[in-house]
Each structure stands twice: as structure tokens, then as C-alpha cells.
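Sequences and hints are given; from them, build the entire structure.
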Amino acid sequence: MEISLADIARTIGGKLIGNGNKIIRGASCFENADKDHIILAGSAKYLNRLDETKAGAVIVPSNFDTSSISRDMVAVENPMADFSKLLEIFYPGPKVEQYISPNAVIGDNFISGNNISISHFVSIGSNVSMGDRVRIHSGVVIEDNVTIGSDVEIHSNVSIYARSQIGSRVIIHSGTVIGSDGFGFAPDKEKYQKIPHTGIVCIEDDVEIGALNAIDRATFGETRIKRGVKTDNFVHIAHNVVVGEDTLLVAQVGISGSTTLGNHVIVAGQAGISGHLNIGSNAIVGPRAGIAKDVPDNEIVSGAPEMPHKLWLRVQNIIPKLPELKKKISELEKRLKKVEEK
Amino acid sequence: MEISLADIARTIGGKLIGNGNKIIRGASCFENADKDHIILAGSAKYLNRLDETKAGAVIVPSNFDTSSISRDMVAVENPMADFSKLLEIFYPGPKVEQYISPNAVIGDNFISGNNISISHFVSIGSNVSMGDRVRIHSGVVIEDNVTIGSDVEIHSNVSIYARSQIGSRVIIHSGTVIGSDGFGFAPDKEKYQKIPHTGIVCIEDDVEIGALNAIDRATFGETRIKRGVKTDNFVHIAHNVVVGEDTLLVAQVGISGSTTLGNHVIVAGQAGISGHLNIGSNAIVGPRAGIAKDVPDNEIVSGAPEMPHKLWLRVQNIIPKLPELKKKISELEKRLKKVEEK
Amino acid sequence: MEISLADIARTIGGKLIGNGNKIIRGASCFENADKDHIILAGSAKYLNRLDETKAGAVIVPSNFDTSSISRDMVAVENPMADFSKLLEIFYPGPKVEQYISPNAVIGDNFISGNNISISHFVSIGSNVSMGDRVRIHSGVVIEDNVTIGSDVEIHSNVSIYARSQIGSRVIIHSGTVIGSDGFGFAPDKEKYQKIPHTGIVCIEDDVEIGALNAIDRATFGETRIKRGVKTDNFVHIAHNVVVGEDTLLVAQVGISGSTTLGNHVIVAGQAGISGHLNIGSNAIVGPRAGIAKDVPDNEIVSGAPEMPHKLWLRVQNIIPKLPELKKKISELEKRLKKVEEK
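Residue numbers (our numbering), protein chains in the order written: chain E, 1 to 342; chain C, 1 to 342; chain F, 1 to 342.
Identical chains blur together in the list; that is why a pair holds if it fits in one copy or across any two.
Think about it this way: if two alpha-carbon atoms lie no more than 30 Å apart in a straight line, the pair counts; the simulated DSSO-like pairs of lysine-lysine are:
#1 Lys194 <-> Lys54
#2 Lys194 <-> Lys45
#3 Lys328 <-> Lys338
#4 Lys194 <-> Lys95
#5 Lys191 <-> Lys95
#6 Lys95 <-> Lys189
#7 Lys45 <-> Lys191
Hints were generated in silico from the structure; no laboratory data involved.
The following block contains the structure:
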């Protein structure tokens with residue numbers, strides 16, 4: 001792949017600074033770039049030492065003062081996102097060509113679009129449909145009545161239970177389980193009676209699910225992951241949860257049953273959210289937070305129990321000083337006693 | 001499926017109120033019920049607005065005053081459990097019919113009961129036995145010398161290591177791993193020497209294991225999951241753990257090696273329990289608790305470090321007020337100084 | 001397998017005490033040993049009641065006073081590690097013999113050593129190489145351009161993405177995912193642009209990875225798990241993380257992107273480490289700790305926020321006493337007011 005720097009600037013809508021005829025053959029990182037590579041210098045950490053990289057060209061923020069820099073550059077509004085687009089151009093995923101492994105098993109009434117790729121030991125149930133350019137890696141199990149959109153990639157050893165619905169441009173990483181029964185049992189004297197789960201899981205368009213996620217089907221109705229959601233590894237999403245658009249769920253997050261997250265929420269790593277709560281749009285939940293109450297729109301909460309993030313920062317500072325505070329209280333008591341006895 | 005309301009009342013042992021001849025054709029939820037559906041109204045949330053559902057019949061608690069309600073109802077002692085039984089009647093799992101995929105591989109000395117179903121790309125080792133009506137989904141791996149009871153369902157891509165023992169009426173959800181080596185290494189100068197794990201995992205009758213659980217085999221002897229235990233997703237059970245009967249382990253719980261849980265324990269989500277502990281019967285461990293000491297029978301503990309739940313509730317209230325308390329202490333110091341200097 | 005006690009002493013470099021001609025036929029545990037078994041009594045718990053075991057011989061620490069004990073024993077420097085070596089002798093893993101299942105699929109340009117075993121429904125991509133005595137269990141997926149050393153065991157249903165590198169004497173337990181894309185998305189107005197991950201995962205020699213781990217590939221460059229690392233179940237290792245030699249990661253630990261761990265670190269269960277941090281060599285991170293700052297070499301830290309372990313022990317003691325402290329402060333206020341009003 002060879003692209004001139006001028007073409008790169010045009011493609012990502014940036015401002016060319018320097019030699020537009022320079023040919024770029026790859027995108028890489030600051031430390032390891034070759035002379036025909038383009039790199040990202042999105043923050044001061046890299047911008048302050050641009051002379052240290054061998055890269056042939058640099059993506060810089062449009063508000064960066066380039067007047068004293070003698071390098072070939074492209075200035076953009078949104079360096080990380082624009083550089084990511086370049087990465088996709090230089091390192092495109094494999095083109096999906098029509099291929100169905102003779103070692104795959106496909107059930108009755110299979111409906112599929114064009115250029116689908118189904119690898120070895122994939123098991124597809126009855127009445128499954130999928131769109132164009134769907135790529136199913138080895139060892140994936142898709143049970144009956146599942147629907148899948150177009151331009152979907154499902155990595156190896158994913159398990160998708162019956163009747164799950166998956167949109168277009170969805171990526172699901174290896175080992176993930178979609179549509180398992182929610183954790184619902186009714187006490188029946190000393191034992192527990194299983195509550196059958198007749199609902200489904202819906203995953204909308206443009207969602208990326210990390211490795212080894214578990215997304216449970218609803219008791220009734222649906223568990224819904226809305227457009228643009230991205231999840232890291234080991235995310236647990238219980239029955240009847242709704243995750244709003246463009247929400248990020250970081251690794252090892254757990255969301256209990258029937259909780260609803262708004263749009264553009266961020267839940268940081270290892271946080272847990274109780275059931276039947278509403279987490280407002282644009283809310284941010286701090287790492288390892290334990291959320292037991294509703295969170296309003298636009299709030300940043302941290303801690304367990306959760307509290308406003310700014311308060312939590314102050315609390316965090318005090319906790320290691322508790323032994324000191326305890327000592328102060330004892331001293332105050334002694335001194336006060338003395339004064340009282342006067 | 002069509003059942004008269006009188007038959008429903010008889011089947012679940014409830015009291016019929018209203019038209020016993022009404023034909024019911026499904027069970028669903030309050031909001032989406034059709035006229036020939038029966039629903040559950042187990043709590044005030046629904047009982048207070050029974051006029052809002054279209055459902056043809058309602059399961060209500062036997063202590064609910066139905067005198068002023070003009071609806072067809074069945075009053076029962078245990079609404080959730082009894083409604084769950086109805087769900088199983090209206091939406092039974094697929095009947096397990098004898099089917100062994102030509103794409104499964106089964107080792108020597110396979111012993112099996114009647115009406116077993118083994119789906120595609122299932123790998124079964126040597127000397128494996130299973131009872132009647134066992135259903136193995138695609139991609140499951142069962143290694144040598146595993147025994148499985150009757151009426152068991154093992155979902156797709158489950159991995160069961162050699163010599164594991166699984167009882168009857170067990171459900172195991174996708175991606176779960178049973179019988180992997182425990183995390184045991186002996187320091188040997190700077191390096192670690194692996195401690196071989198010669199033990200096994202035993203799962204007793206009526207257990208349901210969620211998706212993506214990991215249950216390690218014992219160093220010697222066995223890791224044992226007793227009758228009626230139910231686990232949510234992502235539960236980690238280390239080597240030589242014993243989980244007592246009818247115990248619930250909620251999502252992302254971790255139990256360290258050689259710990260014993262009594263009967264009818266509940267461990268809430270994301271809690272962690274250290275090794276070599278005893279958690280008493282009927283104990284409840286709060287969400288995200290970190291348990292480092294034994295818990296007596298019938299105790300409710302929360303927090304990390306764990307403490308009685310009622311104490312923890314008070315502690316939880318104070319933590320966000322720590323900045324305030326710190327300020328108060330400073331003020332007290334200043335005021336006391338003034339008094340002292342008088 | 002029959003070995004004389006004298007040979008056992010010689011093999012593990014211990015001091016024979018008692019009858020060297022005694023024939024030992026197995027190794028087991030204190031409670032269940034037979035007369036021809038050897039057991040480990042590494043701590044006072046067992047050493048104080050050696051008369052209670054039926055075992056024929058006992059491994060004891062070399063500093064244990066055996067003068068009054070009339071038992072056949074072998075005294076060693078490092079009882080657990082030496083006993084583990086005996087376990088490996090008495091219960092060796094199956095000898096790996098050349099076997100490639102007719103139900104496996106292997107891509108072009110496969111290069112392999114001698115005596116490899118590839119079980120059923122294993123999918124191996126193109127340009128994969130592996131050394132001698134590699135054992136791949138059923139349902140494993142290995143994508144293109146993966147390299148694997150010698151004496152490696154990969155358990156069932158593991159997923160290994162393209163270009164991953166795996167050393168020699170590595171064990172990977174079931175369900176683990178190696179090489180999935182890191183969680184990297186660049187905000188692009190309201191949506192997120194995926195950051196392509198062109199890097200790889202390198203796992204060095206003598207590493208053991210537990211069940212259901214997720215180790216993400218680097219954005220650029222590599223995520224590296226160095227020689228001798230051992231991980232428990234459910235460990236999350238994000239993109240560009242480096243884990244130093246002989247480091248232990250206990251169950252449900254999460255390590256965020258670009259963090260580096262030194263050699264011989266221990267991270268206890270359910271702990272989380274933020275991104276872009278340095279955890280020094282020989283550091284110990286306590287269970288459930290939340291690490292947000294660098295940890296120097298040799299430090300022991302606990303808590304969230306992390307603090308020196310000894311401080312944390314004192315803080316842990318005070319937290320349940322917060323209601324008491326709060327009450328004391330109120331009382332002090334009242335008493336001080338009285339004094340002030342005098």
C-alpha cells in the first residue's frame with residue numbers, strides 16, 4: 001500500500017504541512033516507525049520530541065503550533081480517531097470471500113447474503129439468517145432462529161443461544177456467550193425453582209463485544225445492547241438489562257438484572273451495578289465502583305458506596321489517614337478532660 | 001398449549017377465583033400479556049394496578065385481598081415459584097430425542113442411557129458414561145472417564161476435564177470449564193514448581209452452573225458442588241472448595257482454595273472469599289464483600305473487611321462524611337486550644 | 001510405579017530417615033494415604049499429629065526435629081516443591097504420542113516437530129509452526145502464523161488469534177483467549193472509532209495460563225508474558241501489558257493497558273491495576289486492591305486506594321469503628337461547648 005501524504009490529508013480531512021508528494025507505506029508508533037511510515041503524535045508527550053522519531057510523517061492536533069517544526073505533517077481535529085482510520089487503510093482486515101468450510105454444519109432454512117465466510121467446525125442451527133460479508137471463525141456455535149446483519153465478524157469459539165438477534169457491523173470476540181439463561185430462581189421452601197427464560201438478547205448495529213463476555217437472555221422480552229456500544233473483556237450483562245447507545249463497558253464490569261444504562265455512559269473496570277437501577281446518559285462510573293442507587297444524567301460517581309467523584313477523591317485522601325485521625329480524637333479527649341478538671 | 005384456569009389452579013395447588021373455564025394459552029409478563037395469557041402479580045408494584053394489564057388471568061399471593069378485584073385469578077402461597085412451574089408447562093424445553101451427530105466423536109467404552117442428544121463437533125473421550133435424556137450442545141468437549149447422570153443439559157463449548165463427575169438434572173451453560181488444574185505452585189528458589197492436581201470435581205444433582213464459570217479440580221480428593229447449588233456467570237471456584245446444598249453464587253464471585261460453604265448460603269455479586277475458610281449455613285455475603293475470616297451460621301456480612309451487615313450499613317453512611325468529620329476534628333482542636341490558653 | 005524410599009530421597013535430594021528399602025507406590029494426602037503412600041507434612045498442622053496418618057512415609061522439612069518420631073521420613077529443604085516433583089513421578093501426564101485426528105483441520109505450510117498430538121475438531125490456520133511433544137486438546141482454534149514451542153499443552157476450546165507467539169513448556173487451560181483486540185476506541189463526535197490492533201501477544205517459556213483468561217494483543221508491538229509467569233482463572237491482561245518473569249496473577253485479576261509488572265510480583269485475587277503503571281519487581285499487591293499509582297520494587301500494597309500493607313491493616317481495623325469515632329466526636333463537641341460556656 002502506497003499513498004502520498006497529500007492523499008492522506010485529503011482522506012482524513014486534515015491540513016497538509018510539508019511535502020505532499022512524500023510516499024507513505026505504513027502507519028506505526030513513535031518509537032518503531034520507519035522512514036516511510038506515518039505516526040500519531042497526539043499529546044505533548046510526543047509533540048515535544050518530534051525530532052526523536054524516524055517516521056516520515058506525523059499526524060498532529062490542529063491546535064498544535066507547527067511553525068517551528070520542520071517535518072512533514074497532517075494537522076487534524078481528532079488525531080486518534082483520524083489516525084485509526086489510516087490504520088484501517090494500511091492494515092485492512094482480510095477481504096471476506098465466499099467460503100463455507102466442508103467441516104461446518106448448517107441447519108435447515110439457512111438464509112444468507114453474499115460473500116459470507118464460515119470456517120471449520122462451525123455449527124449453525126435451523127432458521128438462521130445472515131447478511132453480506134459475515135465472517136464466522138472456527139468453533140462458533142449459532143443455535144436456531146438467530147438473525148445476523150451484514151459485515152459482522154464473530155471470532156472463534158463464541159456461543160450464541162437460540163433466537164438471539166445481532167445487527168450489522170458487529171464484532172464479537174472469542175469465547176463470548178450470548179443468550180444464556182438469566183440467573184433467576186424462585187425460593188420454593190428450602191430449594192429453588194428455576195424461572196424459565198423465554199426472552200432474547202438483541203445486539204444492535206456497530207457494537208463490539210470483547211472476549212469472554214456473558215450476555216444473558218431476558219426472562220420475558222429482551223436484553224438489549226444498543227447501537228455503538230463497546231465492551232471490554234469479561235463483561236457480565238444480566239437478564240433484561242438495556243445498555244444505551246455508544247456506551248463503554250470496561251473489563252470485568254458486572255451489570256445486574258433489569259438495570260438500564262443511558263446513552264454515552266462509561267463504566268470503568270471492575271465496577272458493579274446493582275439490579276433495577278437507572279444510570280443516566282453521559283454518566284461516568286469510576287473503576288471498582290459499587291453502584292447501589294440510580295445515577296442521574298451527566299454525573300461522575302465513584303466508590304462503594306457510590307458518591308460524587310469529587311467527594312470520593314477527598315474521601316480517598318482521608319482513608320489512609322484514619323489511624324492519624326483516631327489518634328487525634330484520643331488526644332483531644334485527654335486534653336479536654338484536663339480542661340474539664342481544672 | 002391450552003389449559004383451563006381451573007386446571008392451572010389444580011396443577012399448581014392454588015385457589016381459583018373467577019372463571020375456571022377460561023382457556024389460557026400462554027404465560028407472559030404484566031406489560032405485554034395477551035387476553036389468553038396468565039401473568040404473575042407477586043408484589044404491590046403490580047397488584048395495585050391490575051386494571052392495566054390485558055392478561056386473561058393473574059397469579060396472586062394467597063394473602064392478597066381479592067374481594068374488590070373483578071379478575072380471574074389463582075391465589076398461591078409462593079407466586080414466583082408457582083408461576084415458574086407454569087412457564088415450564090407452556091414453554092417446555094425441546095423434548096430430547098435420540099440423536100448422535102455424525103460429526104461427533106465418541107471414545108471407547110461409551111455407556112449411555114436412552115434418548116440422549118449429542119450435537120455437532122462434540123468430542124467425548126474414553127470410558128464416559130451418561131444416563132437418560134442427556135443433551136449435549138455443539139462444541140462441548142468431555143474428556144476421559146467423565147460420568148454424567150440423567151436429564152442433564154450441557155450447552156455449547158463447555159469443557160469438562162477428565163474424571164469429572166456430574167449428577168442428574170444438572171444444567172451447565174456455555175463456555176464453562178470444569179476440572180481445570182487448581183492454582184497451586186510451590187516456590188522453588190526464584191521459580192515455581194507446579195503442584196500436580198490429581199483430584200477431581202464432583203457436581204451433585206439439581207445444580208445449575210452459569211455461563212463461563214471455572215471450577216478447578218482438587219489437588220487431592222475433590223472439589224464438590226452439592227445438590228441444588230445455582231451459580232451465575234463468571235463464578236470462580238478454586239481447588240478443594242466445597243459448596244453446600246442450595247447455595248447461590250451470584251455473578252463474578254470468587255472462592256479461594258479449600259474454603260467450605262454451608263447449605264443455603266447466598267454470596268452476592270463480585271464478592272470474594274479467601275482460602276481455607278468456613279462460611280456457615282444460611283449465611284449471606286453482601287455484594288462486593290471481601291471475606292477474610294470464617295462466617296458463622298445465619299450471619300449476614302458485608303464490606304471489605306467483612307463486618308455484620310447492620311454495622312456496615314452505618315459505616316457506609318459515614319464514609320462519604322469523612323471530609324466533614326476531619327474538618328470537625330480540626331475545629332475541635334482550634335477551639336480546645338483557645339480554651340486551654342484562657 | 002514402585003520406588004524405594006532410598007531412591008525417593010536420592011531423587012529429590014533429601015535426607016533419608018528410617019527404612020530406605022520400604023517400597024512406595026503412590027503419593028497422596030495426610031487424611032487418605034494408604035500404607036504404601038508417601039505424604040507431605042510441611043507445617044505444624046500435620047507435623048504435630050504424624051501418628052494419625054496411615055502413610056508409609058512422610059516428607060518433612062529439614063529443620064523439623066525428628067528425633068522422637070518413629071516413622072520413615074525424607075527430610076528436605078523445600079517440602080512442597082519436592083513433594084510436587086514426587087507427584088509428577090507417580091502421576092505423570094499422558095505420554096504424548098504422535099496423533100493427528102482425522103477430524104482436525106490444518107492449514108498450509110504447517111511445520112511441526114515430533115510426537116505432537118492434535119485432537120478432534122482442532123482448527124489450525126496457515127503458516128503455523130510447533131515444536132516437539134505439543135498436545136492440543138479438542139476444540140482448540142489456532143489462527144494463521146502462530147508459533148508454538150515444544151512440550152506445550154493447550155486444553156480444550158482455547159482460542160489463539162493470528163500471529164501469537166507461544167514459547168516452550170507452556171500450559172494453557174480451557175476457554176482461554178489469546179490475542180483478541182485490545183479495548184481501544186477513539187472518540188469521534190458522539191461515536192467511537194475502533195483503533196485497529198496490529199500488535200501481537202508473546203508468551204515466553206514455562207508459563208501456565210489458567211482457565212478462561214483473556215490476553216489482548218498490542219495496539220502496536222506486543223503484549224508480553226515473560227518466562228515462568230503463572231496465572232489463575234479469569235485473569236484479564238490488556239493490550240501492551242508486560243508481565244515480568246515468575247510473576248503470579250491470582251484469580252479475577254485485571255491489568256489495564258500498557259502497565260508493566262516487574263519480575264516475581266504477586267497480584268492477589270480480584271485486584272485491579274490501572275493503565276500505564278509500573279509495578280516493581282518483588283512487589284505484592286493485596287487481594288481486591290485497586291492500584292492507581294506506581295508501586296516501587298519490594299513493596300507490599302493493599303486497599304483501594306492502595307497504601308502500604310501495614311498501614312492498610314491499621315485502616316482496616318478502624319473502618320468498622322467509624323460509627324464509634326463519629327459518636328466520640330459528637331460527644332467531644334458537646335463537652336467542649338460546655339467548657340467554652342463556663
